[in-house]
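Please build the complex by placing chain E on the supplied structure of chain B, with the hints as guidance.
Chains as they are written, first to last, in the working numbering: chain B, 1 to 286; chain E, 1 to 277.
I should point out that these hints are in silico values taken from the structure, not numbers from a laboratory.
Take the hints with a grain of salt, since some may be wrong.
To be verified - Estimated spans, in silico, between C-beta atoms of each pair:
1) E:SER21 x B:THR116: 54 to 64 Å
2) B:GLY258 x E:TYR11: 40 to 50 Å
3) E:ASN176 x B:VAL275: 34 to 44 Å
4) B:ASN131 x E:GLN106: 48 to 58 Å
5) E:ALA170 x B:THR116: 54 to 64 Å
Unchecked claim - Listed next, the stretches of chain E that the computed footprint assigns to chain B, with coverage defined by at least 3 CB atoms under 8 Å from CB atoms of chain B:
6) 48-61
7) 77-90
8) 98-107
Stated by the list, open to error - As a list, the in silico EDC-like pairs of lysine to aspartate or glutamate whose alpha-carbon atoms are at most 16 Å apart:
9) E:LYS67 x B:GLU285
10) E:LYS132 x E:GLU117
11) B:LYS85 x E:GLU81
12) E:LYS67 x B:GLU283
13) B:LYS24 x E:GLU125
14) B:LYS83 x E:GLU82
15) E:LYS123 x B:ASP20
16) B:LYS83 x E:GLU81
17) E:LYS67 x E:ASP54
18) B:LYS284 x E:ASP54
19) B:LYS85 x E:GLU125
20) B:LYS85 x E:GLU82
21) E:LYS35 x E:ASP203
From a predicted model like this one, the values you see are computed outputs, not experimental measurements.
Beta carbons are placed, not taken as given, at the ideal position from N, Cα and C, and that holds for glycine.
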Amino acid sequence: MNQVFDTSRFGLLVRKHWGDNRGKYLLSLGAIASLLLLWYGFLNIIETRSAMQEDGQIVTYYVGLFITGSLYASLLFSDLANKPKAINFLAVPAAQLEKVLVMILYSVFIFFVCYTVIFYLVDFLMVKLNNAIRLASWEDQFHEAQEVFTPREVANVFYRGVSDGTGPHFDPLAMAFTLFFGVQGAYALGSIYFPAYSFIKTTIALLLLALLYVLVIAKVLYPILPQGYFDDGLTSFYPYGINDPNSEKLVEVPGWVGQVVFGFFRYVLAPAFWVITYFRLKEKEV
Amino acid sequence: MVNIQQLHFGYRKKKVFTGLSLQLQPGHIYGLLGKNGTGKSTLLRNIAGLLFPDQGSIDVMGFTPGKRQPAFLQEVFMVPEEFYLPNIPLQAMVSNLSPFYPRFNQQQFDTYIREFEIPVENKLESMSYGQKKKVLISFGLACNTSVLLMDEPTNGLDIMSKSQFRKVMAGAIDENKCVIISTHQVKDLENLIDRITIIDEGDILFDQTIDAISRKLSFRISFDQEEVKRALYSESSLRGNAIITSNTDGEESKIDLELLYKAIVTNRQPIHSAFNS
Chain B
1 MNQVFDTSRF GLLVRKHWGD NRGKYLLSLG AIASLLLLWY GFLNIIETRS
51 AMQEDGQIVT YYVGLFITGS LYASLLFSDL ANKPKAINFL AVPAAQLEKV
101 LVMILYSVFI FFVCYTVIFY LVDFLMVKLN NAIRLASWED QFHEAQEVFT
151 PREVANVFYR GVSDGTGPHF DPLAMAFTLF FGVQGAYALG SIYFPAYSFI
201 KTTIALLLLA LLYVLVIAKV LYPILPQGYF DDGLTSFYPY GINDPNSEKL
251 VEVPGWVGQV VFGFFRYVLA PAFWVITYFR LKEKEV
Chain E
1 MVNIQQLHFG YRKKKVFTGL SLQLQPGHIY GLLGKNGTGK STLLRNIAGL
51 LFPDQGSIDV MGFTPGKRQP AFLQEVFMVP EEFYLPNIPL QAMVSNLSPF
101 YPRFNQQQFD TYIREFEIPV ENKLESMSYG QKKKVLISFG LACNTSVLLM
151 DEPTNGLDIM SKSQFRKVMA GAIDENKCVI ISTHQVKDLE NLIDRITIID
201 EGDILFDQTI DAISRKLSFR ISFDQEEVKR ALYSESSLRG NAIITSNTDG
251 EESKIDLELL YKAIVTNRQP IHSAFNS
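Chain E extracted, bound-state conformation:
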């Protein structure tokens, strides 16, 4: 669905990608993790056709995003980190924009708006940042585009809204959609994404499905110093030592995304060796 080959991209002074390749399939929610400024948003904007690769190619459902053809644009919806909504009533915004998306579903939109507890009678300008963001997320989901790109969607959302977001997202995915969520707040994506891609300095450090991670790695709290020493990654906490080990007994543990992310960013070699064994 999204095929990126040898992507080279840079801003005037800074190279962001030097040969990045990535394939994304429908039916998944991809979590694009990475520190601030590592190229997550740049990658999303390249996929959305808002930036053009210097070299290499991006293919989204047979389209070249940079051409920004209408048939491509109606298959891709982006929820940017910094977004703009016109100062008009919510329903006016929906009736102005939704006809451009052939699979837009008003009923679905109303359901999401209810779940997010958005006051529909309000003008968009009188809504808070978080409410506006939830409107955009609801709209993006209701458009039913094949590709949904979300850049830091949980930024600005309160605790309740983050939980609503996870609930709404979990119910919105189907086998025809590919959702790519970029974030540095890894906790927000727990139990939501089914594939994790970690990028840093324009390189893919880690790219695995949640199933593979569950099969190969074990996450737990340990008080055994020997076990901590043998762990692929460990971190002391008030509760003891949070560790990642190879999953040798086949029992699946709850994935601690934040711990995994730190393990990959600080020293990815032991984790990779667990997957290659």
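Just chain B, same shape as in the assembly:
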């Protein structure tokens, strides 16, 4: 029997986790659906004409994903703060790796799929409802004589290419999507580091990191650079007076640096948090 990972044991653990938490999870998904319904209902009541625009749907998706995903991740190892629950968790005859992988499976994959399915179910319903309400009152609303009714579409929350005229080249949603898994990993790690008030403490820790980032730019980078501004991330710096992107830039780090930073956020951050979580779990004592 492999002491680090065994597929049949992992399967048993997945089954046990579902069996122990089924009720809680189904209730949580119901709560997410209810909150989305309430929010869209509120938007439709206060301003039917502008509600359910694609941008609004995308913002709703990501705000909901970040809040509920972070909250859920911050509760992942909350059992370890409670002695009886911690003993119950640590004493199950499965490897630490399997226990972390089960958490990743439920919090990263299953949560994400369930949230997205619920979002689209509610979104689809509310877009249809909004179209029906707007169509019913179309004649009473102010519009140009030749203007025809345009129904709202269900938004694609995963792709929104920003075009520079030659075709889509940058997708801000890909970054948001990527960042989500990193943030979620941070909250999962926070749930082990901070036994009590994990969500609040992790949020404070992340805000402090963001503050540190701003301070480094303001107090370290700006003083050593001439007066100017960053453009296109932190890889190009334009001194004041040179606004033409084609002109020679005073400070420009190699393109690969930007790619490495983006790659770090995209591919390294979330796995790194989970690896640290694994080692923290191994060290956990009750």
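Then chain E, alone, in the frame of chain B:
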């Protein structure tokens, strides 16, 4: 089976063990006695791999508990004093958890549940603390792990349940199992344990088998003041003086665990001298 060598362990402000060594063999029910806060639970949690020694070593069947390997965890079951059971039906809990223990026996579990008179159709959340504890004890026994650790198992059990507990435990031990029961309610373990280990302030004050105690010590009520004066330990009671003396005539008396415990904790020297003579 369990070999503890020079165990040093402490919490931030308090040292609990400073060089504790202990060997536990299969086929016995060990009674770990001691006052509250003397390190009984800490010792059990070190054996279970829930706490890690600062120094020294713990070996359980060739495993280092702190590594918490699955092969180790499926050989050790712990019934903690404060425990958690998920809010699901009893049978669901059993079907979720039992596959992790290769020697789990459903028939045995059903028998224990019947003996403990647990309403099987109930959800765990609707059961009382005592009923939940009996479920956990039944489950732990039915897992047939080589090492069974029980921390204050009789806490929260009513008088009938305590007697059921003793009955169930007596039938559950075999030559391959090592059961360690920690308690400060020594009366609850009478006629159950076959070896007594008393710890205090992280030290082992006394560690003897029941057979050895029966051979070496005599427990009785005495009205003879001379005999009371000569006793290794005495305590006045409504019935007379409860005394412990050296067993010189070879007749075995019923061991009064509580009296022995008090004798060891208050002044262990006379008792030890009886064993060394």
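Against the structure, the hints:
1. E:SER21 x B:THR116: 54 to 64 Å: With Cβ atoms ~57 Å apart, the hint holds.
2. B:GLY258 x E:TYR11: 40 to 50 Å: Given about 49 Å between the Cβ atoms, the range holds.
3. E:ASN176 x B:VAL275: 34 to 44 Å: holds, 39 Å
4. B:ASN131 x E:GLN106: 48 to 58 Å: holds, 57 Å
5. E:ALA170 x B:THR116: 54 to 64 Å: holds, 56 Å
6. 48-61: holds (count 5)
7. 77-90: Per the Cβ count (10), the hint holds.
8. 98-107: Coverage by chain B holds here, the residue count being 3 at a Cβ distance below 8 Å.
9. E:LYS67 x B:GLU285: holds, 11 Å
10. E:LYS132 x E:GLU117: holds, 12 Å
11. B:LYS85 x E:GLU81: Holds, at about 12 Å.
12. E:LYS67 x B:GLU283: This hinted pair holds, its Cα atoms lying about 9 Å apart.
13. B:LYS24 x E:GLU125: holds, 14 Å
14. B:LYS83 x E:GLU82: holds, 8 Å
15. E:LYS123 x B:ASP20: holds, 12 Å
16. B:LYS83 x E:GLU81: holds, 10 Å
17. E:LYS67 x E:ASP54: holds, 14 Å
18. B:LYS284 x E:ASP54: holds, 14 Å
19. B:LYS85 x E:GLU125: holds, 15 Å
20. B:LYS85 x E:GLU82: holds, 9 Å
21. E:LYS35 x E:ASP203: Satisfied, since the Cα-Cα distance of roughly 12 Å is no more than 16 Å.
The structure fails none of the hints (numbered hints given earlier).
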